[in-house]
Each structure stands twice: as C-alpha cells, then as structure tokens.
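Same order as they appear, the protein sequences are chains X and V.
So that you can map any letter, position 96 of the first sequence is 96 in full-length UniProt numbering, and since no number is skipped, the others follow by simple counting.
So that you can map any letter, position 106 of the second sequence is 106 in full-length UniProt numbering, and since no number is skipped, the others follow by simple counting.
Be careful, since some hints might not be right.
[Unchecked claim] Quick list of simulated restraints, FRET-style, between CB atoms: (1) V:Ala120 x X:Leu62: 42 to 50 Å; (2) V:Glu88 x X:Ser74: 39 to 47 Å; (3) X:Gly41 x V:Gln57: 39 to 47 Å; (4) V:Gln50 x X:Pro42: 39 to 47 Å; (5) X:Gly41 x V:Thr61: 40 to 48 Å; (6) V:Asp122 x X:Pro42: 51 to 59 Å; (7) V:Arg84 x X:Arg58: 41 to 49 Å; (8) V:Ala120 x X:Leu125: 46 to 54 Å; (9) V:Asp122 x X:His94: 19 to 27 Å; (10) X:Val98 x V:Asp122: 23 to 31 Å; (11) V:Leu62 x X:Glu119: 13 to 21 Å; (12) V:Pro42 x X:Val85: 26 to 34 Å.
None of these hints come from the bench; they were simulated from the model.
Quick reminder that beta carbons are idealized off the backbone N, C-alpha and C, glycines included.
There are 2 protein chains.
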Amino acid sequence: MFPGPPAACQEHGGKGRFVRSVLERIGDKWSLMIIGSLHQGPLRFSALQQAIGGISQRMLTLNLRHLERDGLISRTVYAEVPPRVEYELTELGHSLLVPVLDLVNWAADHSDRIETQREAYDAALEGES
Amino acid sequence: MFPGPPAACQEHGGKGRFVRSVLERIGDKWSLMIIGSLHQGPLRFSALQQAIGGISQRMLTLNLRHLERDGLISRTVYAEVPPRVEYELTELGHSLLVPVLDLVNWAADHSDRIETQREAYDAALEGES
DNA sequence: CTGCATCCTAAATGATACTG
DNA sequence: CAGTATCATTTAGGATGCAG
C-alpha cells in the first residue's frame, strides 16, 4: 500500500504501515477543520458547510464520507420533511479531537507570527532578484 | 485571501483570518511528516527524503520551501564538495512539533483500529449493492 | 548532493444541473 | 435539505534532464 521501501514513521515500531495513511487522512485539506468544527456537538450538513466556510458541497460530502469510513464521525439521518442529517464525532473521533484542537489552537496562537515570517521571506526574495 | 464570507474558525476570536491558511499549510499532505521527521535534529535533504519515504525530490523541495517561508524550518548550506544542505526546525517549528507529535502518536496508536473501521465500512457497502 | 526547469499524468476541486 | 452525477478546470505530483 505504501510505495517507499523504508518505514514511513520508523519511530513507531513495526506497525507504521498504516500510520501514514492515517496521517494522510488527517492531513487532508479539510479534515482538520471538519473535525474541529464538530468539537461542540453534532451539526447538520448545511451548518457544517457554513462553519467551515469556503468548502463546496461536493468536497464536504466526500470528506465526510472519508471520515465516516475511518470511524471518526457518525452520520444520522432523521426521517423528516425536510430531511435532516446530522454529523457527530464518534468516540474515536473525540479522542482525535484532543490533539487536533491543540493544533488548531497552535495555529491561532502563531498565525500572526507566521504571517510576519511569510512577508519577510517574500521581501527577501524580491531583494535578490 | 479567504473566499468564504463567514469566519473560518470562529471559535478563536476575530483573528481567525490567517488561522485557516496556517491549517492548510500544516494540513499539507507532507508537512506533518516532514516536521515529524525533524523531531530529533537536523537532517540533510537526502536523509529527509529517505526518512519520509515515497516523496519525490520535487515535492520535498517545494514543501521545504513552504515550511521555510513560514519560518518553521531553517535551511543551512555548507560550502563543501559535495555540497551538503541541512534542514532543521526553528524555534517556531519546535513549538509546533509538540502538537504534531501528539497527532502522529495518535495516528500510531489508533491506526489498526481505523484500518478495522475501513474494512467494516467497505464490507457494509458491498452488502448493499 | 542538491535542486531547478520542463513536460506530462493523475487527482482534487468547483460549477452546475438534477434527484429523493 | 442533502445529496448524486457530470463536466471543466485547477492543482498536485512524478519523471527526466540539466546545473551549481
């Protein structure tokens, strides 16, 4: 399943085979934000789309299926009109929520510093050319 | 810079504007693994490529530039023959390392359970069709 | 060894229209 | 409302060749 011959994350014993695919899922463009958006409880499809902002209906659907496949979120359909579908973190998803929120908080705490770094980097490039 | 009109991660005050771009960088397919691979100290280009496994030269170069631009890693060129280039986490990168390693450890701890979930999900789909 | 440039393919994503 | 399906576009990614 993994192309490279050497271990992906050798620091975690021999079972690192799947660690990589898990990281790839977590490292999806939207997964972190989806999981983070569900931290306070279940949300329905449209609410989730609003909370994330900028994600298309198609991408949200696809990513939700992926996360559901991995057992990180659950999908509940209510037989009503109009139909209502709620997504919620599973127990497994909640355990992932802890490190994910740490990461989101880190991003929030350091976002302006990174912004500064980017500007400095870009400015230095202009000076070279 | 962000398409969606509503706040990206509203749970973090008004400065959530850049949080999203930071999360997108962190959520890059390779960034997590690159940062994780540097946790024990500096690595040169080829060593990094081996440690990650499966990443092409081009992608590694590009991702390293991105991380360098964000001030997360530093690039040091040694004037030798053959040339040697070492990449190392900056102070900012080290602070990110903490939550990143938590995430990697989570992935390692739960990879087999997720693998099971995936198989169950796929099996259930076959039963439907 | 490092890494940039180029070409080319595969995958991700957006827009739109349509269905239960 | 919550999708699915399709098409068109963009982007990521790999392969190769060349340069410092």
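| Is the gap between the beta carbons of Val98 (chain X) and Asp122 (chain V) within 23 to 31 Å? | Check passed, 27 Å falls within 23 to 31 Å.
| task | Hint says 42 to 50 Å; check whether the CB-CB distance for Ala120 (chain V) and Leu62 (chain X) agrees. | result | Cβ of Ala120 (chain V) to Cβ of Leu62 (chain X): about 20 Å, so the range 42 to 50 Å is violated.
| query | Honestly, do Pro42 (chain V) and Val85 (chain X) meet the 26 to 34 Å range at C-beta? | reply | Check failed, 48 Å falls outside 26 to 34 Å.
| field | Gly41 (chain X) paired with Gln57 (chain V), Cβ distance criterion 39 to 47 Å | value | Holds, since Gly41 (chain X) and Gln57 (chain V) (Cβ atoms, about 45 Å apart) stay within the stated range.
| field | Asp122 (chain V) versus Pro42 (chain X) beta-carbon gap, inside 51 to 59 Å or not | value | violated (25 Å)
| query | So the hint says 41 to 49 Å: do the beta-carbon atoms of Arg84 (chain V) and Arg58 (chain X) match that? | reply | Roughly 46 Å apart at Cβ, these two residues keep to the hinted range, so it holds.
| said: I want to verify a distance hint. Is the separation of the beta carbons of Gln50 (chain V) and Pro42 (chain X) within 39 to 47 Å? | reply: holds (43 Å)
| field | Distance restraint hint 13 to 21 Å, applied to the beta-carbon atoms of Leu62 (chain V) and Glu119 (chain X) | value | holds (20 Å)
| message | Taking 39 to 47 Å as the stated bounds, is the beta-carbon spacing between Glu88 (chain V) and Ser74 (chain X) within them? | response | holds (42 Å)
| request: Indicate whether the distance between the beta carbons of Ala120 (chain V) and Leu125 (chain X) respects the range 46 to 54 Å. | output: holds (50 Å)
| request: Determine whether the Cβ-Cβ distance between Asp122 (chain V) and His94 (chain X) falls within the hinted range of 19 to 27 Å. | output: Since the Cβ atoms of Asp122 (chain V) and His94 (chain X) sit about 23 Å apart, the hinted range of 19 to 27 Å holds.
| Is the distance from the Cβ of Gly41 (chain X) to the Cβ of Thr61 (chain V) consistent with 40 to 48 Å? | Given range 40 to 48 Å: holds, Cβ gap about 42 Å.
Figure legend: structure checked against the earlier numbered hints; hints not met, in rising order: 1, 6 and 12.
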